[in-house]
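Here UniProt numbering is used: the sequence shown runs in plain steps of one and ends on residue 711.
Don't read these hints as lab results, they were simulated from the structure.
There could be a bad hint or two in this list.
Unchecked claim - Computed list of lysine to any residue pairs in SDA-like fashion (alpha-carbon distance at most 20 Å, straight line):
hint: 1; residue 1: K257; residue 2: I507
hint: 2; residue 1: K534; residue 2: I507
hint: 3; residue 1: K568; residue 2: S592
hint: 4; residue 1: K257; residue 2: R284
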Amino acid sequence: MDSRRLPPDLPALLRKREAEKAAAAKPRFIPKKERERMAAEKAAKEEEELKRREESLASSRTPSTNGTNGRNGTNGTKWNYNSRTSHDIPTGPKAMRPPADGGDHGHGGKRPRPRDDEGKRSEMERNDAAELRAKYMGPEVNQSTFSAKKKRRRTAANKFNFDWDPDDDTSRPFDPIYADRPDPLFKLAGFENTDELVLRKAEAIRRGDKETGEERARQLLEQHRRVKEAADRKNMGKHWSEKKLEDMKERDWRIFKENFGIATKGGAIPDPMRSWEESNLPRRLLDIVHQVGYDEPTPIQRAAIPIAQQARDLIGVAVTGSGKTAAFLLPLLVYISELPPLTEYNKNDGPYALILAPTRELVQQIESEARKFAGPLGFTVVSIVGGHSLEEQAFALRNGAEIIVATPGRLVDCLERRLLVFSQCCYIIMDEADRMIDQGFEEPLTKILDALPVANEKPDTDDAENPQMMSRYLGGKDRYRQTMMYTATMPPLVEKIAKKYLRRPAIVTIGNAGEAVDTVEQRVEFIAGEDKRKRRLQEILNSGQFKPPIIVFVNIKRNCEMVAKDIKSWGYSTVTLHGSKTQEQREASLASVRNGQASILVATDLAGRGIDVSDVSLVVNFNMPSSIEAYTHRIGRTGRAGKSGVAITFLGNEDADVMYDLKQIISKSSISKVPEELRRHEAAQSKPTRGGGGKKLEDSGGFGGKGGSWQ
Numbered sequence: 001m002d003s004r005r006l007p008p009d010l011p012a013l014l015r016k017r018e019a020e021k022a023a024a025a026k027p028r029f030i031p032k033k034e035r036e037r038m039a040a041e042k043a044a045k046e047e048e049e050l051k052r053r054e055e056s057l058a059s060s061r062t063p064s065t066n067g068t069n070g071r072n073g074t075n076g077t078k079w080n081y082n083s084r085t086s087h088d089i090p091t092g093p094k095a096m097r098p099p100a101d102g103g104d105h106g107h108g109g110k111r112p113r114p115r116d117d118e119g120k121r122s123e124m125e126r127n128d129a130a131e132l133r134a135k136y137m138g139p140e141v142n143q144s145t146f147s148a149k150k151k152r153r154r155t156a157a158n159k160f161n162f163d164w165d166p167d168d169d170t171s172r173p174f175d176p177i178y179a180d181r182p183d184p185l186f187k188l189a190g191f192e193n194t195d196e197l198v199l200r201k202a203e204a205i206r207r208g209d210k211e212t213g214e215e216r217a218r219q220l221l222e223q224h225r226r227v228k229e230a231a232d233r234k235n236m237g238k239h240w241s242e243k244k245l246e247d248m249k250e251r252d253w254r255i256f257k258e259n260f261g262i263a264t265k266g267g268a269i270p271d272p273m274r275s276w277e278e279s280n281l282p283r284r285l286l287d288i289v290h291q292v293g294y295d296e297p298t299p300i301q302r303a304a305i306p307i308a309q310q311a312r313d314l315i316g317v318a319v320t321g322s323g324k325t326a327a328f329l330l331p332l333l334v335y336i337s338e339l340p341p342l343t344e345y346n347k348n349d350g351p352y353a354l355i356l357a358p359t360r361e362l363v364q365q366i367e368s369e370a371r372k373f374a375g376p377l378g379f380t381v382v383s384i385v386g387g388h389s390l391e392e393q394a395f396a397l398r399n400g401a402e403i404i405v406a407t408p409g410r411l412v413d414c415l416e417r418r419l420l421v422f423s424q425c426c427y428i429i430m431d432e433a434d435r436m437i438d439q440g441f442e443e444p445l446t447k448i449l450d451a452l453p454v455a456n457e458k459p460d461t462d463d464a465e466n467p468q469m470m471s472r473y474l475g476g477k478d479r480y481r482q483t484m485m486y487t488a489t490m491p492p493l494v495e496k497i498a499k500k501y502l503r504r505p506a507i508v509t510i511g512n513a514g515e516a517v518d519t520v521e522q523r524v525e526f527i528a529g530e531d532k533r534k535r536r537l538q539e540i541l542n543s544g545q546f547k548p549p550i551i552v553f554v555n556i557k558r559n560c561e562m563v564a565k566d567i568k569s570w571g572y573s574t575v576t577l578h579g580s581k582t583q584e585q586r587e588a589s590l591a592s593v594r595n596g597q598a599s600i601l602v603a604t605d606l607a608g609r610g611i612d613v614s615d616v617s618l619v620v621n622f623n624m625p626s627s628i629e630a631y632t633h634r635i636g637r638t639g640r641a642g643k644s645g646v647a648i649t650f651l652g653n654e655d656a657d658v659m660y661d662l663k664q665i666i667s668k669s670s671i672s673k674v675p676e677e678l679r680r681h682e683a684a685q686s687k688p689t690r691g692g693g694g695k696k697l698e699d700s701g702g703f704g705g706k707g708g709s710w711q
């Protein structure tokens, strides 16, 4: 090995020097204690240096005592200037300058006064230096006179100080005046017993002021009494639930509507009802309401019933499962109870009220609900749906019916075969109007509405908003026709029908249209392939977290039977519901789920709306629907009537068109969380642009069924 020393690496040395310079140029934060320590050390060093210089100067001035008269002494004292010789001592003008070491240099300990020409000489030198600088560097122009110190001093002088001087604080705790302060008169947090606080305040005034304390305390109590009386008159500070109806102010009604998510528009809208007792419904009908088990009205019932009782046309926009059925049934019963009863002379003139719904299941649900209220009042309710023969329905109408609930398709068949007329029909309700349009019932719906009598149509003027004019009889038993439309969304075709057949309607919106209710927790899982989804579905069912009944939604009819077969093989009782089922099969399937014989229902979108199965704990979207509206109605089968529920959706790459809308609707839910995979998915970043189309009617069961040509 070569032991010779290698030459230094010049680039490395340069880099090292540059690094040291950069490190030295960087500002270094020094803590306050370190700065104080450094300042103390510096002061100690300066003091030590000063002492050392003084000692050195004193030793240099020590005189010699040889008794001879020195040249620079007056009393025979000879000074020793650190062994300096005589020729080192300056003479002439230079001797007049003060020595650099601070000595007096033989002037009797006194520093000689500078001559007058010294200041002139220094000034001339400065002028010469300035001339040389200007000659070689140019004149000094645009010289800034800015001084940061002056700027800070000037800004600080003009700046307003928001803090007070600590000496001005008169509430110091050690001040004996404030040692025993009473509590403030009013507390900001919560409503406390203000009477007790005022009494304590008055007592403190009496103790603290012996001269005028009694009078001041009396004035305080009198003022509190007047304020309390004024608050009682205005009911300020009370919640709307604690006030009487006549004491409700505009502010109280605004808070009430915000609490229940009620939004109304359309002219003079009456205030919502706070309870059933304030609904102005007949006492007999209220007793039936309590017997049925309706303890508190839902938001749509609170807002819609007072409007309907004023004979106003109405558009109700609310999510599924919000209690719309009772919202239009109760005003309808009040309306027809004021009409003459059906007799042999008018029973063949048709019903007094007509309720239209898109599916057979929804029609039968409305019929069952209507009979709970109409039966005790002596009214007859008849349903007309596909799946039953026309002869059966004609037999049901033989004695007349005050209320008919029907699907548009079968009702058109009855009208064309002269089994039914609408000579005295004066109350029309279209439930799930957007679904009827979506299923292609626009033409049948138009035929039905055109078959209604025109003599009692409301005028399209401001009179249509006048409750007194709309409630009067037109002559005999006729009254103005009242039309209502309930829907979850408002597509353009629904708006077109509303503008044509409704007169100056009041519009009630509950929550945000098209959004899921907050009682449903929405979960999403990305699972591709039928086999993986079936295994995951089995894991969910076997987890034991969800009690029956459970609904599993698929998109295609044939998948219903396949998925149901697999679920049965896992040991669960299962029934199916889709458009190819007959009416009897549909009714049997729903009945088995409702009475607990079957724990799982596998269905298409036919069960997405209008199916009211109580206490559904879980909805599984085995296939994601092609529209977000269908998704909303599917998950709306759970979390009904204020109860909580869970909806689990399986997603794949084929569902890219609805991922953006799905992300938006989940993000608006207060109890749901958007999964990270959906949040980051490319298809969920922007809304896709697509043309018309949508789900086929045969897949949703719109016109399917072996019992008839229409739903």
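So, going through the hints one by one against the coordinates:
Annotation: proposed proximity of K257 to I507 holds, straight-line Cα distance about 14 Å (limit 20 Å). A threshold of 20 Å between alpha carbons decides the hint, and for K534 with I507 the separation of about 44 Å lies outside it, so the pair is violated. A distance of roughly 15 Å separates the Cα atoms of K568 and S592; the hinted pair therefore holds under the 20 Å criterion. For the hint pairing K257 with R284, the CA-to-CA distance comes to about 28 Å; that exceeds 20 Å, so the pair is violated.
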